[in-house]
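Visitor: Sequence:
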Amino acid sequence: MTSQLSGRDGQTPGWARQALRVAIVLALLGAGGSSLAQAPGQPAPAAAAPSAGVSAPSGGGAVASRTPQSVATAVQSFYDQTKSVEAEFFQTYYNRIYDKYDRSQGAVKFQKPGRMRWDYGAPNGKVIVSDGKRLVIYEPGEDSEPGQVFERAISDSELPQALAFLTGTGKLSDDFTFRLLDAAAQGFPTGYVLELLPKKPSPHYERILFYVDGDAKRTGLVHRVLIVDSAGNRNRIDFKAPKFNRNFDAKTFAWQPPKNARKINP
Numbered sequence: 001m002t003s004q005l006s007g008r009d010g011q012t013p014g015w016a017r018q019a020l021r022v023a024i025v026l027a028l029l030g031a032g033g034s035s036l037a038q039a040p041g042q043p044a045p046a047a048a049a050p051s052a053g054v055s056a057p058s059g060g061g062a063v064a065s066r067t068p069q070s071v072a073t074a075v076q077s078f079y080d081q082t083k084s085v086e087a088e089f090f091q092t093y094y095n096r097i098y099d100k101y102d103r104s105q106g107a108v109k110f111q112k113p114g115r116m117r118w119d120y121g122a123p124n125g126k127v128i129v130s131d132g133k134r135l136v137i138y139e140p141g142e143d144s145e146p147g148q149v150f151e152r153a154i155s156d157s158e159l160p161q162a163l164a165f166l167t168g169t170g171k172l173s174d175d176f177t178f179r180l181l182d183a184a185a186q187g188f189p190t191g192y193v194l195e196l197l198p199k200k201p202s203p204h205y206e207r208i209l210f211y212v213d214g215d216a217k218r219t220g221l222v223h224r225v226l227i228v229d230s231a232g233n234r235n236r237i238d239f240k241a242p243k244f245n246r247n248f249d250a251k252t253f254a255w256q257p258p259k260n261a262r263k264i265n266p
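Just so you know, we're using the numbering used here here: the sequence shown kicks off at 1 and counts up by one.
By construction, these hints were calculated from the structure, which means they are not laboratory data.
Do not take every clue at face value.
To be verified - The list that follows gives simulated cross-link-like pairs (lysine-lysine, DSSO-like), each with its CA atoms no further than 27 Å apart: (1) K133 with K200; (2) K171 with K83; (3) K171 with K217; (4) K112 with K126; (5) K126 with K259; (6) K259 with K100.
Said to hold, decoys possible - Okay, the calculated beta carbon distance ranges per label pair: (7) T190 with D143: 42 to 48 Å; (8) R246 with E142: 33 to 39 Å; (9) G125 with D174: 49 to 55 Å; (10) A250 with I97: 38 to 44 Å; (11) G125 with T190: 21 to 27 Å; (12) A185 with K133: 38 to 44 Å; (13) K199 with T67: 17 to 23 Å.
Beta carbons are placed, not taken as given, at the ideal position from N, Cα and C, and that holds for glycine.
The task is simple: from the sequences and hints, build the whole structure.
Guide: Okay, structure coming up:
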């Protein structure tokens with residue numbers, strides 16, 4: 001495990017790069033959707049309603065015209081109103097070179113401005129935390145090996161563009177162009193599949209797909225995110241049972257890795 005996680009001088013280690021992509025996803029969303037995870041290639045279920053007793057923020061109205069910009073505007077409006085969210089997540093990462101799928105799941109919490117925490121379930125055990133100033137990514141060791149931790153200032157990371165959106169100081173339209181894909185062909189016939197193409201090249205993604213709720217009562221709610229990079233790798237995250245606009249203890253985002261964890265320099 002050590003050889004896999006260790007970074008080279010001046011380079012972000014591969015495991016941390018993948019985790020950064022995950023962090024960027026949440027930053028782009030500012031919150032999560034509510035969808036059950038399916039095996040790759042399987043049709044998505046009908047849009048799920050928010051959990052009982054939990055009110056999702058209202059969207060910007062029905063996306064009647066079904067234009068790429070109107071769907072993007074609805075997403076922007078929905079997450080502009082979302083101050084915090086916690087949800088279960090299911091992640092599927094496809095490595096094109098090795099034709100291999102890695103699956104994991106866990107719980108995620110997000111709170112504006114810039115605070116987030118991903119706790120991966122066993123056997124993964126990875127933790128990704130940001131207190132709004134620093135990003136910490138912890139990868140536990142195998143057997144008796146100590147884990148490894150990667151830290152960097154948010155201002156020095158690849159996140160500022162995305163953080164501008166989640167903190168309410170930026171707009172998706174500032175950084176992306178949009179296209180609507182055939183939702184039925186994408187296995188999401190009850191909603192919209194919005195493709196985001198960065199206006200400036202990014203080392204983390206070539207394009208991003210948002211699977212957006214088609215119900216007028218939940219307009220703008222994103223159920224799934226799919227990140228595709230230039231190598232054809234695919235990082236998919238589905239969200240389930242979200243709870244919106246709850247307060248979290250500040251300690252939630254002040255998590256510290258084990259003292260014996262080996263620090264990997266960015």
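Visitor: Which numbered hints turn out to be false for this structure?
Guide: Checked against the structure, the hints that fail are numbers 6, 9, 11, while the rest are satisfied.
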